[in-house]
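**Student:** Here is what each chain is made of, one letter per residue.
Number of protein chains: 4
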Amino acid sequence: MDFSLTPREQDLQDRTRTFIRDVVLPYEKDKRQSPHGPSDALRRELNALAQRAGLLAPQCDPHWGGLGLSHRERAIVFEEAGYSLLGPIALHCMAPDEGNMHMLEAVASEAHKQRWLKPLAAGDIRSCFAMTEQAPGAGSDPSAMTTTAVADGDHFVINGEKWLITGANGAGLMIIMARTMIDGQDRGATMFMCDLPAKGIVVDRTIDTIEESMTGGHCVVRFENLRVHRDDVLGEVGRGFRYAQVRLAPARLTHCMRWLGAARRAHDIAVDYANRRKAFGKTLIEHEGVGFQLADNLIDLHLSRLAIWHCAWVLDQGRDARTESSIAKVAVSEALFRIADRCVQVLGGMGVTGDTLVERIFREIRAFRIYDGPSEVHRWSLARGLAVKA
Amino acid sequence: MDFSLTPREQDLQDRTRTFIRDVVLPYEKDKRQSPHGPSDALRRELNALAQRAGLLAPQCDPHWGGLGLSHRERAIVFEEAGYSLLGPIALHCMAPDEGNMHMLEAVASEAHKQRWLKPLAAGDIRSCFAMTEQAPGAGSDPSAMTTTAVADGDHFVINGEKWLITGANGAGLMIIMARTMIDGQDRGATMFMCDLPAKGIVVDRTIDTIEESMTGGHCVVRFENLRVHRDDVLGEVGRGFRYAQVRLAPARLTHCMRWLGAARRAHDIAVDYANRRKAFGKTLIEHEGVGFQLADNLIDLHLSRLAIWHCAWVLDQGRDARTESSIAKVAVSEALFRIADRCVQVLGGMGVTGDTLVERIFREIRAFRIYDGPSEVHRWSLARGLAVKA
Amino acid sequence: MDFSLTPREQDLQDRTRTFIRDVVLPYEKDKRQSPHGPSDALRRELNALAQRAGLLAPQCDPHWGGLGLSHRERAIVFEEAGYSLLGPIALHCMAPDEGNMHMLEAVASEAHKQRWLKPLAAGDIRSCFAMTEQAPGAGSDPSAMTTTAVADGDHFVINGEKWLITGANGAGLMIIMARTMIDGQDRGATMFMCDLPAKGIVVDRTIDTIEESMTGGHCVVRFENLRVHRDDVLGEVGRGFRYAQVRLAPARLTHCMRWLGAARRAHDIAVDYANRRKAFGKTLIEHEGVGFQLADNLIDLHLSRLAIWHCAWVLDQGRDARTESSIAKVAVSEALFRIADRCVQVLGGMGVTGDTLVERIFREIRAFRIYDGPSEVHRWSLARGLAVKA
Amino acid sequence: MDFSLTPREQDLQDRTRTFIRDVVLPYEKDKRQSPHGPSDALRRELNALAQRAGLLAPQCDPHWGGLGLSHRERAIVFEEAGYSLLGPIALHCMAPDEGNMHMLEAVASEAHKQRWLKPLAAGDIRSCFAMTEQAPGAGSDPSAMTTTAVADGDHFVINGEKWLITGANGAGLMIIMARTMIDGQDRGATMFMCDLPAKGIVVDRTIDTIEESMTGGHCVVRFENLRVHRDDVLGEVGRGFRYAQVRLAPARLTHCMRWLGAARRAHDIAVDYANRRKAFGKTLIEHEGVGFQLADNLIDLHLSRLAIWHCAWVLDQGRDARTESSIAKVAVSEALFRIADRCVQVLGGMGVTGDTLVERIFREIRAFRIYDGPSEVHRWSLARGLAVKA
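Residue numbers (my numbering), protein chains in the order written: chain P, 3 to 392; chain W, 3 to 392; chain L, 3 to 392; chain B, 3 to 392.
Please note that the accuracy of each hint is not assured.
Just so you know, same-sequence chains aren't split out, so a pair can sit in one copy or run between any two.
Derived DSSO-like pairs (lysine-lysine); straight-line CA-CA distance at most 30 Å [stated by the list, open to error]:
no.	residue 1	residue 2
1	Lys-201	Lys-120
2	Lys-201	Lys-115
3	Lys-391	Lys-280
4	Lys-31	Lys-280
Since the hints were made in silico from the structure, they are not lab data. These figures come from a predicted structure and were not determined experimentally.
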């Protein structure tokens, strides 16, 4: 085992850190941000800067304009990007685009890649992934999916409603998951590719959420007899859940990476504050009641990073990382939340205001404990792995 | 010991519960609310309804139009009021007004009561309490106060900046705490009464905060040679911290009461959801991973209520309740936060959206762990009480 | 609601506290104690002292020599008794005798009371309660009971094995729970009374356990064709589980009461140590890292006491207290464990030695989180209470 | 970064695992164990078996009969050894011997190595390390040391009392830390080597402790005019604390390694039990309330291992690992305690008995949170590292 960075990893870390500090941080107060995320105009401006810095869509293959990062390299770069909540937007390695690009590289046909991955990787369009449904549909348990795609000649006709579809507003591509009926038979879940806007796709509303970092917000989307040609099926019919697995394990790990950077940012702000603010005759950090919280932050940051690196390494070996990514998701999301919560507390009154970024990071990371599978689903899955098969 | 409610307590509980359910809940989606709190128009409308129901400013003496509630009766009524985030606004028992009325009843002169308590209790005006300052001023450690009031003939001239002054926007009364200089001598902290708006008081901005339930928001206030007549000193010069104590112990307990109601609301929403939402073949509540969280909510709600009732009883005995109110503040704020956090988790994706009230209650209660003294200050105070005096 | 003690409660508290301090504490280093509990000789000596102080078996009706304490009075007295691990032995209000006496008073016939409750209340004999079995028998789920009682003329013939039977060694009475077969039909669980020693009852061994406070230890007991006359059935055939409920809710609450006293003892030792031991230039208690832990102890002690008092009050109303006693069992056992754990930590190296009582109290209270239903069973039961009945 | 094992690490892991499983586990019920640890006869028998297996004192240089393991290799081997509480005794890599050998290799003269390290590495003798004192002496704060060594011609005369001196009973070597006075001047702390038994060293008693795994127990040792020749000073006069640092950082990490193995053992026992024991119609592990606890164990085991590996890697780079070893000590000791505590809980009644090893592992690991610096000292040290130097 070896915990040193390769020269390339070291270089990527340096370059990303510098780019975030010098180029992205000054944009943090840019007005083109709303509770439903940074605007597309802001995103495009940042993407152009990232491209100039050679850091755009770094997870993609160089063929598509990226850097072809390994999972471990992503761990390095995405953590640095996450240090600013605008960083992953700038580098175009934010959810859901990052996961979508990863999946398309892995399972799309060459024609689909040319048509959709190419502009996506270039930041010319954004994408969204329409899987989740409200009760009684597919939430943590995707098998409850109610959206249907019924074969009709060369097309599929899709009806249903999706919920919490991140980035749907303004996206150029939607990947739709639907239960597929052919000749009256349930053929399982299939993924469909669809340009946006499209006749038959209605964005009902953008949902207010506790976090506000994703361009396009989180939307309620309705399909009204949407017709998709069978050529636009991603991969094969009935393999939707398999492809979702391809997408999910790494996607959940890249969430860990980005938010690790955000938590580090909150920690740095809290350490700085605790070194300056005085109470009862000494700086806050000299109070053990504060200093111990910051010490616990150090511990949580360190162990989170190790869990991410390890899982990234497993993925780089081409091995199944379901157990490791479930462990990482639970451990990292809960550790980062503790960090953000402590930072709020250390800042006192300041911590519950928008005067520092800590309050917002706290809210973002609260959502992370739900996104890509709440802790309970991962614990359930880990427990099942320990049960003796009957 | 006896845990039963008196007939009067039972009646107050029933009436408040009915009023909240039938009258206040329908207002919850009223548009006259913003991130800086419900508008004054909405507040006045709700106050009128509460008055009609005989529930306005119930903590005040009947002489001022209230119900003269004991602390234990407040525990009952405020919890019910808190079940809606608009409830305490409606009953006019919200911070900071509630604490200010309590303090004025206890320490103001008859003339001051006629001039300020009377319209305040009637809901004709709102009030604010200007004590806290940003670093390096008075935060958790009030002795660091930098705002000064310099005697000048019959007046005091006040200069300085206050921070997180709740409700300053639109208030009719400000109670100002300032370090008092008379003839070049520091005479300690004094409280001053001042009508708003006033020449010399500038509300610089309203701070964005994680919660949004208080009318008038949380403001940055600047004093520029504000002149206050010596007749408008509250009580006596130099006794500001003593009066703050009169205000703080009960005020921190009424926070506990109101937010207990809010946490109960979140819990009810989560229980309802967990009984309806299905995953993996059964309702969520049948999953122990969810059911145990709701069981822990029950425990936290119950123990929080007992801690509040006990402290209210101590206050009703006329005894010093500093230890009990510190215990209650730490225990209740942390327990209610755990409840709100679990409710978010139980709701999954729904929990991080504004589609239910749970997300907002989560944010409100996060602030509660800071307001009126962060947990650390109370733990420090409790520990000091255990130390042998040298 | 009212949290004051009645004069009788105050008097009981004073007398018990004095008795424990002056009479029982000096016995704590008595050599007649082993990992399997204090000896019967020591117990009898202490019982005689308690009787002289008018404090023997205080939970029993005066008719049987006790004080006829209400549940709230038990809360006061048992906490004081628990301040010494020998206290409940001395007062003869320790498990399992205390629960057995309670059940016999509630459900035994007058003849059975004369024969068994009378000498039991006087401390002339001890008793044990043989219900629990090892896998695959009756543990947390009593319905899995494997011990059988088969009717044979005027007798029942009992066969099976019981496990963790507290106090079996040296007891004069065993109450046996067994699945009852009459004419080949399963008639449910029945309780049988049996003098000890008895032909057909073999104590296989005394199990080593993490705690060591119960006279007679925890035993493995085997029934080999034990014959019990049908007159010795407690109450009626087939009502074993119902009687067990009569026993369990109060029994689990009296555990809370006694161990609350033990935790208070540990806390007092830790506070005393932290006030004397110096490190890095000040006393330990002046270090927030220590002081905050002791503050948390205060909070946990206070809320535990309130939960106990409240549940005792519900029992005194003659109401079903299953919910309240489950809440109390989980909340109190886990709070007291946190207290004991913190005390160990505050004492540092001293805390893991037998040089103070803290190490032993830590072990005792660890067992309490299991005894009379592990937390998980109570959380499960509380969650079930929240589920909508189909 | 790379998490794969080298072929040598893999081989060491396999061999140690096999040795523990086949050779050591059968000794676990050997009667030559007491609350004060395994006897020396048992230790010697196990050492001989380890030597035959080529695994004795593996941390030592081959020159002294060991395997010259790197810190990372120790992480692998010591975890496997720790799987049995007798494993580290067998491999002779248990505290305090392991730390003493490490320190002697690093700082002793060649002559001292020949005289003491050689027989120590061979298991011919055991050693102890006499530093800690009771209040008001040197505990967590070593600067409070009260034991003195006064120069007297060619000798030092040592007086004082040491406390919790592990393994003193039956050891052949004692390393003594004492404040050194030469010509009336305090020359700082010095380490002295001393054969045992020695005139002037009295083992007053063996302290009862919560754990029982160390040969020779934990003793109170008194120095009565012990005369040590100046040639027996370890290294140089006045450098005692520096050498203690050499010893402590790795020693605290090897504690983490060994107890990680013990926690894994407890986890395996709990998983096995939860797969067999049924309650309420299914196996325990199928209950989420149990399964989630075991899932959390997986997470804690994994992250603990990563923290250990990382710190071992830092040590292997020859870098100062004070921060990393403090992080590891806090994180690992607390994680392993949570694991052991959950295992007790999962086992229910069985968990608090000596019928499985879980109860004992729980007690051992409780002590680990204190040994080699309680968590509070490490948090304090980490916080200090975050404070801006004035």
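**Student:** Now tell me, hint by hint, if it's right for this structure.
**Tutor:** Structure-based check of each hint:
{"no.": "1", "hint": "Lys-201 - Lys-120", "in the structure": "within (24 Å within a copy, 62 Å between copies)"}
{"no.": "2", "hint": "Lys-201 - Lys-115", "in the structure": "within (23 Å within a copy, 67 Å between copies)"}
{"no.": "3", "hint": "Lys-391 - Lys-280", "in the structure": "between (58 Å within a copy, 15 Å between copies)"}
{"no.": "4", "hint": "Lys-31 - Lys-280", "in the structure": "within (28 Å within a copy, 42 Å between copies)"}
Going down the numbered hints, you'll see the structure goes against none, and every one checks out.
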